[in-house]
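A.B. asks: For reference, the chains in residue letters:
Protein chains: 2
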Amino acid sequence: MRIALGLIHYPIQDRQGKVVATNVTNLDVHDIARASRVYGLDRYYIIHPMQDQQIFVHRMLDHWRVGEGAKMNPKRRTALTMVETAGSLDEALQNWQERIGAKEKPLVVSTHARAIDGVPMVSYREMRERIEAARAQGGDRDVFLIFGTGFGLTEEFMRSCDLLLEPVRGVPPDDYRHLSVRSAVSIILDRLLGAW
Amino acid sequence: MRIALGLIHYPIQDRQGKVVATNVTNLDVHDIARASRVYGLDRYYIIHPMQDQQIFVHRMLDHWRVGEGAKMNPKRRTALTMVETAGSLDEALQNWQERIGAKEKPLVVSTHARAIDGVPMVSYREMRERIEAARAQGGDRDVFLIFGTGFGLTEEFMRSCDLLLEPVRGVPPDDYRHLSVRSAVSIILDRLLGAW
Chain A
4 MRIALGLIHY PIQDRQGKVV ATNVTNLDVH DIARASRVYG LDRYYIIHPM
54 QDQQIFVHRM LDHWRVGEGA KMNPKRRTAL TMVETAGSLD EALQNWQERI
104 GAKEKPLVVS THARAIDGVP MVSYREMRER IEAARAQGGD RDVFLIFGTG
154 FGLTEEFMRS CDLLLEPVRG VPPDDYRHLS VRSAVSIILD RLLGAW
Chain B
4 MRIALGLIHY PIQDRQGKVV ATNVTNLDVH DIARASRVYG LDRYYIIHPM
54 QDQQIFVHRM LDHWRVGEGA KMNPKRRTAL TMVETAGSLD EALQNWQERI
104 GAKEKPLVVS THARAIDGVP MVSYREMRER IEAARAQGGD RDVFLIFGTG
154 FGLTEEFMRS CDLLLEPVRG VPPDDYRHLS VRSAVSIILD RLLGAW
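Protein chains in written order, with the numbering used here: chain A, 4 to 199; chain B, 4 to 199.
Wrong hints could be hidden among the right ones.
Said to hold, decoys possible - Think about it this way: if two alpha-carbon atoms lie no more than 35 Å apart in a straight line, the pair counts; the simulated DSBU-like pairs of lysine-lysine are:
{"hint": "1", "chain 1": "A", "residue 1": "K108", "chain 2": "A", "residue 2": "K21"}
{"hint": "2", "chain 1": "B", "residue 1": "K21", "chain 2": "A", "residue 2": "K78"}
{"hint": "3", "chain 1": "B", "residue 1": "K108", "chain 2": "B", "residue 2": "K78"}
{"hint": "4", "chain 1": "B", "residue 1": "K106", "chain 2": "A", "residue 2": "K21"}
{"hint": "5", "chain 1": "A", "residue 1": "K106", "chain 2": "A", "residue 2": "K74"}
{"hint": "6", "chain 1": "B", "residue 1": "K78", "chain 2": "B", "residue 2": "K106"}
{"hint": "7", "chain 1": "A", "residue 1": "K78", "chain 2": "A", "residue 2": "K108"}
{"hint": "8", "chain 1": "A", "residue 1": "K74", "chain 2": "B", "residue 2": "K21"}
{"hint": "9", "chain 1": "B", "residue 1": "K74", "chain 2": "A", "residue 2": "K21"}
{"hint": "10", "chain 1": "B", "residue 1": "K108", "chain 2": "B", "residue 2": "K21"}
Stated by the list, open to error - Calculated Cβ distances over 10 Å to all of chain B for the following chain A residues:
{"hint": "11", "residue": "P14"}
{"hint": "12", "residue": "T25"}
{"hint": "13", "residue": "I58"}
{"hint": "14", "residue": "N98"}
{"hint": "15", "residue": "E101"}
{"hint": "16", "residue": "E132"}
{"hint": "17", "residue": "Q140"}
{"hint": "18", "residue": "D143"}
{"hint": "19", "residue": "E158"}
{"hint": "20", "residue": "L166"}
To be verified - Residues on chain B that point at chain A, a partial pick, calculated with CB under 7 Å:
{"hint": "21", "residue": "A38"}
{"hint": "22", "residue": "Q100"}
{"hint": "23", "residue": "H181"}
{"hint": "24", "residue": "S183"}
{"hint": "25", "residue": "D193"}
{"hint": "26", "residue": "L195"}
{"hint": "27", "residue": "W199"}
Simulated from the structure, these hints should not be mistaken for lab results.
Since this is a predicted model, take the numbers as computed values, not measurements.
Yeah, the Cβ is synthetic: ideal placement off N, Cα and C, and Gly gets one too.
The following block holds chain A by itself, in its conformation from the complex (with noise of 0.2 Å):
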């Protein structure tokens, strides 16, 4: 079972909850390709509707691949080479899906920072169970994992997903969830594929 992940840019919720596309952030691209490298995926697609935005990623892609930044930080190329551009996520499950000549469509595996209705939830020790076994045995489907920017997907988009991962809670008495895209990317690969 092979893992990629998508950073989705558009339709996203404001402040307001006006739907939205945001601007693609230098460090999403950076933080998020280095934790797809440390835990193993295959890749990581930047999703934004925008032909401005895609331009932008790979114009920092090629500065980091194969311009000044690749000789200055060998390091930060390594993880840069796993990272796509796409325009919506249907383009992104395509492409995937014929780069590593799945026959099935990868699960689409979701997170959010409350529940939505109509999307089964399922826990992060579930998940990581059903990642294990498809690793030993063989023959799950492959796993699309999204994420979103801004104020989260809008739930409309949230119930086109397969699977909605359990959010990250906060500590009582508050609850207090609002972390950013690059931590919550980072702890949900740990707890789904960390080693410790």
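Since the structure of chain A is already known, use the hints to place chain B on it.
C.D. replies: Chain B alone, transformed into the frame defined by chain A:
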């Protein structure tokens, strides 16, 4: 047992192993404050010997605590109330000890990408059990967790710490472990304090 976190900007190694002071990064303040809040830490110290860097942090904090940012994004203010600056680790330790009225000096627990001669290493499981036992029974020393920026804390500095947490390892075969400090903090707080 209370826990605080310190992000050290000097003495740090650069990529050639030279000792430098790194600049404070905007998202290190935000991401780590938010993660510290999620996991219920008592305080987060940004440690830098230069006053202009401390002033930069305070200007940022003012924007989000009392300025425009406080109105726009109150959840972010909530996290930033725990941020403090200090000129050195000793200054941070002393400030925290006075603030919480602790009789004993906090236990300084450091993190690094590899083992350091002369500093006892502790596993995440052991440290987690120690925290749980102290919280159930009381009586243990408070813990000050430290993280380095740049290419990591100097060996000499590391040797002044009481305990060293195991590195966060990458998956076989290449064991790539170049996480951003924002990711490393998030993962380590989850290993020590996360409930899932």
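A.B. asks: Evaluate each hint against the coordinates.
C.D. replies: Hints versus structure:
At most 35 Å may separate the alpha-carbon atoms for a hinted pair to count; A/K108 and A/K21 meet this at roughly 31 Å. Annotation: proposed proximity of B/K21 to A/K78 holds, straight-line Cα distance about 18 Å (limit 35 Å). Between B/K108 and B/K78 the alpha-carbon distance is near 32 Å, which keeps this suggested pair within the 35 Å criterion. Using a Cα cut-off of 35 Å, the hinted pair B/K106 and A/K21 is violated, with the two alpha carbons roughly 51 Å apart.
This hinted pair does not check out: A/K106 and A/K74 have alpha carbons roughly 39 Å apart, beyond 35 Å. In summary, the hint linking B/K78 to B/K106 is supported, as the alpha carbons are separated by about 33 Å, within the 35 Å threshold. Restraint check: the Cα-Cα separation between A/K78 and A/K108 comes to about 32 Å, which is no more than 35 Å; the hinted pair holds. At roughly 18 Å between alpha-carbon atoms, A/K74 and B/K21 fall within 35 Å of each other, so this suggested pair holds.
Proposed proximity of B/K74 and A/K21 is supported: the alpha carbons are some 18 Å apart, at most 35 Å. In summary, the hint linking B/K108 to B/K21 is supported, as the alpha carbons are separated by about 31 Å, within the 35 Å threshold. At the 10 Å boundary, the C-beta of A/P14 stays outside the reach of chain B, the nearest C-beta of that chain being 21 Å off. At roughly 14 Å, the least C-beta separation between A/T25 and chain B is larger than 10 Å, which holds for a residue marked as non-interface.
Remark: the non-interface label on A/I58 is consistent with the geometry, its nearest Cβ contact in chain B lying 23 Å away (cut-off 10 Å). Even its closest Cβ contact with chain B, about 23 Å, leaves A/N98 beyond 10 Å, as expected for a residue assigned away from the interface. Against the 10 Å criterion, A/E101 stays outside the reach of chain B, whose nearest CB is about 25 Å from its own CB. Every CB of chain B is more than 10 Å from the CB of A/E132 (nearest about 13 Å), matching its label as outside the interface.
For A/Q140, the condition that its CB be more than 10 Å from all CB atoms of chain B holds, with the nearest at approximately 19 Å. Residue-level check passed: A/D143 sits 18 Å from the nearest beta carbon of chain B, beyond 10 Å. Remark: the non-interface label on A/E158 is consistent with the geometry, its nearest Cβ contact in chain B lying 20 Å away (cut-off 10 Å). Look at A/L166: its CB is around 16 Å from the nearest CB on chain B, clear of 10 Å, so calling it non-interface holds up.
This hint holds: B/A38 has a C-beta 5 Å from the nearest C-beta of chain A, less than the 7 Å allowed. Proximity of B/Q100 to chain A is violated relative to the hint, the smallest CB-CB distance being about 23 Å (cut-off 7 Å). With a cut of 7 Å, the hint placing B/H181 at the interface with chain A holds, because the nearest CB-to-CB distance is about 5 Å. At its closest, the beta carbon of B/S183 sits 4 Å from a beta carbon of chain A; the interface hint therefore holds under the 7 Å criterion.
Hint status for B/D193: holds, given a least beta-carbon distance of 5 Å to chain A, under 7 Å. Interface restraint check: B/L195 against chain A, minimum CB-CB distance 11 Å, threshold 7 Å, status violated. The interface hint given for B/W199 is met, as the beta carbon of that residue sits about 5 Å from the closest beta carbon of chain A, less than 7 Å.
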